[in-house]
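> Fit chain B to the known structure of chain A by using the hints.
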Amino acid sequence: MKRQVKGMLGGLGITFRTMMQPSVTVQYPHEREEPTPRARGVIALKEENCTVCMLCARSCPDWCIYIEGHKEQRPARREGGRPRSVSLLDRFDIDYALCMYCGICVEVCPFDALFWSPEFEYSEPNIAELLHDKDRLGEWMETVPEPEPLELGAEIKGKK
Amino acid sequence: MKVDPRLPTPGGIPEVDIDPMLYRHLAGAAVNVELDTGDMILNLGPQHPATHGTLRLVVRLDGERVIAADPIIGYMHRGYEKLVEYRTYPQITTLINRIDWLSSFANEVPFIFAAEQLMGIEAPPRARYIRTMLTELSRIATFLLFLGEMGLQVGAITPAFYGFRDREYALNLIEAVTGGRFHPNFNRIGGVKDDLPWGWINDCRQSMKKVLDSCDDFENLVAGNPIFEQRTRSIGIVPRELGAAYGVSGSNLRSSGVDWDLRRDGDPYGLVYDELDWKVWTHPDGDSFARYWVRLQETRESARMVLQMLDALPSGPIMAKVPRIIKVPEGEVWVNCENPLGEMGYYIFSKGATGPFRVKIRSASFSNVSILPWLLRGAYVPDVITILASLYFILGDIDR
Chain A
1 MKRQVKGMLG
11 GLGITFRTMM
21 QPSVTVQYPH
31 EREEPTPRAR
41 GVIALKEENC
51 TVCMLCARSC
61 PDWCIYIEGH
71 KEQRPARREG
81 GRPRSVSLLD
91 RFDIDYALCM
101 YCGICVEVCP
111 FDALFWSPEF
121 EYSEPNIAEL
131 LHDKDRLGEW
141 METVPEPEPL
151 ELGAEIKGKK
Chain B
1 MKVDPRLPTP
11 GGIPEVDIDP
21 MLYRHLAGAA
31 VNVELDTGDM
41 ILNLGPQHPA
51 THGTLRLVVR
61 LDGERVIAAD
71 PIIGYMHRGY
81 EKLVEYRTYP
91 QITTLINRID
101 WLSSFANEVP
111 FIFAAEQLMG
121 IEAPPRARYI
131 RTMLTELSRI
141 ATFLLFLGEM
151 GLQVGAITPA
161 FYGFRDREYA
171 LNLIEAVTGG
181 RFHPNFNRIG
191 GVKDDLPWGW
201 INDCRQSMKK
211 VLDSCDDFEN
221 LVAGNPIFEQ
231 RTRSIGIVPR
241 ELGAAYGVSG
251 SNLRSSGVDW
261 DLRRDGDPYG
271 LVYDELDWKV
281 WTHPDGDSFA
291 RYWVRLQETR
301 ESARMVLQML
311 DALPSGPIMA
321 KVPRIIKVPE
331 GEVWVNCENP
341 LGEMGYYIFS
351 KGATGPFRVK
361 IRSASFSNVS
371 ILPWLLRGAY
381 VPDVITILAS
391 LYFILGDIDR
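Chains as they are written, first to last, in our numbering: chain A, 1 to 160; chain B, 1 to 400.
Just chain A, same shape as in the assembly (with noise of 0.2 Å):
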């Protein structure tokens, strides 16, 4: 009987000791925590270093990347040489209704065209308003931090 009002009464410390502690809920619409910079919560595009590769598309794990190009030929960088072909991207859409999110695009990408930004704030009544397009993707560009410093003992790479 003793030890069982000890463990009761030892309880009841527990609990009175955590409500003199402030608080750890975060009123979500009111105040806002701030994911980690490494977050995965929306992939950005930077347009311009696209090379229409599909690699992305291809490596997605559910084949939620659809992309569509053309080639179009420019005028030769010297005098007198071959016109260049370019390929231009026309269609990169991303979509977040089937997303794993899983970061295999951002990781395959060649030429560092797909970012990861923390950004989380993007839902939408209608799930088809969550296929991105590519403007939409742009966007998110803005958002993507800095790549952070590592913990020592880290080995650094060099920039490729």
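If you're looking for bench data, these hints aren't it; they were derived computationally from the structure.
These numbers were taken from a predicted model, which means no experiment stands behind them.
None of the hints are false.
Pairs of lysine-lysine, DSBU-like flavour, derived with a Cα cap of 35 Å:
| # | chain 1 | residue 1 | chain 2 | residue 2 |
| --- | --- | --- | --- | --- |
| 1 | A | 2 | B | 209 |
| 2 | A | 46 | B | 321 |
| 3 | A | 71 | B | 327 |
| 4 | B | 193 | B | 327 |
| 5 | A | 6 | B | 210 |
The following block gives chain B in isolation, referenced to the frame of chain A:
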């Protein structure tokens, strides 16, 4: 004493307060002979809060006592074993994150280690340390949720809030490194994706101290509470031979007195457990309280392990040299590991393509749940919830 649970142990059932066979006799006897009330068939679920998902439990009741229970699984079957045959190795880690969504980092590690073994690649030491740390952090996150939620299932609402609050310490740390709270997708063949961010070690040290404090709180608030003890003591006893025969593993088996942990006794699957100083906790009783107590001690032990690893973290690269397009050579491999919920294993059969030819996934909860028909027979209806909560399974882990 080390006991391989697959072998029959001499000495019979260990000393427990109530002979668990008594339950079976009680279940066989007709309780209400005079009244002849007849049986009632009751559906628990598929949407029942105590089942953490969609587990349907058909129980036949005689009064308040369960005569027979039949768990019906498969409501969340997503066909992972077939799905991964059509994906490449880097894509598969995103899928197997979703098997056991509470400890998804621990799901990735054995799969990646199996592929590494087939390719003959070994991850560098710093990558192995980061993997081990994040595996233990996901174990802490899983168990802290259990510690709070187990109280909720037996009627105490305060620990549930504490559990969800304290789990954030571990989840925030995982998010700061991997970018994802629940689905990290952080392991790569040959290492990990990224190094730790600046200041993480300091944050982790402080958070682990908070976790150790909250473990003390749970010990006093829940495990020391007389009502909680009465609700859980000698409820749902798993005898050690029977548990081993059903394939129950992990902390559920350790709380039946079997001193068996794959982190220590098995192949360490590329992690650094053999370099750490830690202890495997067991409890002789095998009841719901023992399962709670063992998980409480294991949370503490994991926090201590993380603190040790923070001190011993080596410097160096985090990726071994791997080809750009990953093709795993022909062969087959079986890797099993100690997940928070129990033994998890991957059998990979490769034919030399960019994806596996066949993958068999052994998940812990599937075997843990298979003992339910035996365990629930003769229990009272409120105890059904206690037993379901204390076995601690994840439906995604059962159905895959």
